[in-house]
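Asks: In order, the protein sequence lines correspond to chains A and B.
Those letters in the first sequence? Residues 1 to 287, per UniProt numbering, in order.
Those letters in the second sequence? Residues 1 to 130, per UniProt numbering, in order.
Treat the hints as calculated values from the structure; they're not laboratory data.
No residue lacks a Cβ here, since even glycine has one placed at the ideal position from N, Cα and C.
Take the hints with a grain of salt, since some may be wrong.
As the list claims (entries may be wrong) - If you only want the chain B side, here are some residues facing chain A, beta carbon under 8 Å, derived:
#, residue
1, Ile59
2, Ile60
3, Arg120
4, Ala124
Listed here are the chains, written in short residue letters.
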Amino acid sequence: MGMMLPSWVIDPGYWPPDEQDYLANANTLRTVLEGIQGPVAESNATMEQAQQNYQGEASTALAGTWEQVSQTGALATTAMNLIPVSLDGVAGVISGSKLVIGSVAAATTVLIAAHLLNPHPLSRAYVELRIRAMHRIVQQVAREAKDGSEGAIGRALKRRVAEYLRELRENLPHLDPRPQFAGSVPGSRRRIETASERDSHMTMMAGRGWFGKTSGNEERAAEREIETQYLNTNYELQEVEELARDEDDLAADAAQGISGEAAQRHWQQADALRERAESLRNRRGHN
Amino acid sequence: MRPPPTPQDDQEQLEQILAQAAKAMRELQEAQTRIGAVTGVGTSADGLVTATSDGHGAIISLKLDPRAMRLDTTALGRHVTMAVQEAQRAAEQQTRDVLSNLPHTQAMPKPLGASLVRERVEEAARRLLG
Numbered sequence: 001m002g003m004m005l006p007s008w009v010i011d012p013g014y015w016p017p018d019e020q021d022y023l024a025n026a027n028t029l030r031t032v033l034e035g036i037q038g039p040v041a042e043s044n045a046t047m048e049q050a051q052q053n054y055q056g057e058a059s060t061a062l063a064g065t066w067e068q069v070s071q072t073g074a075l076a077t078t079a080m081n082l083i084p085v086s087l088d089g090v091a092g093v094i095s096g097s098k099l100v101i102g103s104v105a106a107a108t109t110v111l112i113a114a115h116l117l118n119p120h121p122l123s124r125a126y127v128e129l130r131i132r133a134m135h136r137i138v139q140q141v142a143r144e145a146k147d148g149s150e151g152a153i154g155r156a157l158k159r160r161v162a163e164y165l166r167e168l169r170e171n172l173p174h175l176d177p178r179p180q181f182a183g184s185v186p187g188s189r190r191r192i193e194t195a196s197e198r199d200s201h202m203t204m205m206a207g208r209g210w211f212g213k214t215s216g217n218e219e220r221a222a223e224r225e226i227e228t229q230y231l232n233t234n235y236e237l238q239e240v241e242e243l244a245r246d247e248d249d250l251a252a253d254a255a256q257g258i259s260g261e262a263a264q265r266h267w268q269q270a271d272a273l274r275e276r277a278e279s280l281r282n283r284r285g286h287n
Numbered sequence: 001m002r003p004p005p006t007p008q009d010d011q012e013q014l015e016q017i018l019a020q021a022a023k024a025m026r027e028l029q030e031a032q033t034r035i036g037a038v039t040g041v042g043t044s045a046d047g048l049v050t051a052t053s054d055g056h057g058a059i060i061s062l063k064l065d066p067r068a069m070r071l072d073t074t075a076l077g078r079h080v081t082m083a084v085q086e087a088q089r090a091a092e093q094q095t096r097d098v099l100s101n102l103p104h105t106q107a108m109p110k111p112l113g114a115s116l117v118r119e120r121v122e123e124a125a126r127r128l129l130g
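Next comes chain A alone, as it looks inside the complex:
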């Protein structure tokens, strides 16, 4: 069982999930992949032995085919190895989010308790302000983690797996079809797709920008551009959030100095900055 947050901080039915589930899935997958390595190594050893014992045209052809099969297997394994890495990453994001939410909840609880002891007339207003701020931060962290896991990590995983799968598809063994199965078995030279299937395939590829008619360089440039936009939006978002926090502090100071009007003004500015941060997050989501 991973870290548990109290229900008054965040609704347990909503978020976050258990990071230990992700770690357990990653470890299971690693065990499976390790389990596959043994038989693969044994098969390679058997084939090597066979090539040493048998000479001639058939043996050479077999060696060539086996080489292709081994390369295909290696690509598939590399693609599979990325999944536990991504699961570890998501587990880190979840546990990091819980750490942030937990630290905010702990600090806010102590701060509230201290302010409730304070005889200042605006202490209760300040406490309410802090509780509101805590809920906003919790929502923001949950949103960051969800967007990041589904967005940046998901995209990176898709991109890398797609990269290996594309290489795999391009390097699939092209065996000459035997006459009775020509054109109908996997590995035959050509596969005819129906128009609608091809269209839908092309739409998907164009939409994702991975396999479309663009060149590899153009794809990489486009991906770099998307990465840059994502990072730039992140930096801008960070600045806006820091400004919002500053406004919160100013509002709190103003509240302490019995200037309700100034506190209200800073609080409104903090709200406006948070709206701007929200719009940046939306923009980043579209990237």
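Since the structure of chain A is already known, use the hints to place chain B on it.
Replies: Using the frame of chain A, we list chain B on its own:
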């Protein structure tokens, strides 16, 4: 490159923060008891009115010297206001003294920000992209 913190590291860090918060809350409970015992006394300039306030600023007693009854209402009001304000100020000062001496509360770490989550996301994406 330093390996990223594991969920176990995060859990340990959160446990440390919560342990610190528990110490601070115990300290605040003790402070609450001390504040409960605070009384501030205020007297008007000529000692005719004496007011007592608790640690939260509430007036718990008001004593009038019989001689105060000879004063007219405006003067009596001024004397009462003066004594009450002085009592509240004295109580508030004592409360502030209690609240300013809370080492565990002052040692509470600042809350972490959403930037940590973004860093984790970026780190995970970087590891995937190799």
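Asks: The structure should be examined with respect to each hint, and the outcome stated for every one.
Replies: Verification of the supplied hints:
1. Contact between Ile59(B) and chain A, as hinted, is not supported at the beta carbon level, the nearest pair being about 13 Å apart and thus beyond 8 Å.
2. Checking Ile60(B) against chain A: minimum C-beta separation of about 14 Å lies over 8 Å; hint violated.
3. For the restraint placing Arg120(B) at the interface with chain A, the shortest Cβ-Cβ distance is roughly 4 Å, inside the 8 Å limit, so the hint holds.
4. A least Cβ separation of about 3 Å between Ala124(B) and chain A falls short of the 8 Å threshold, and the interface hint therefore holds.
When the structure is compared with the earlier hints, violations turn up for hints 1, 2 and for no others.
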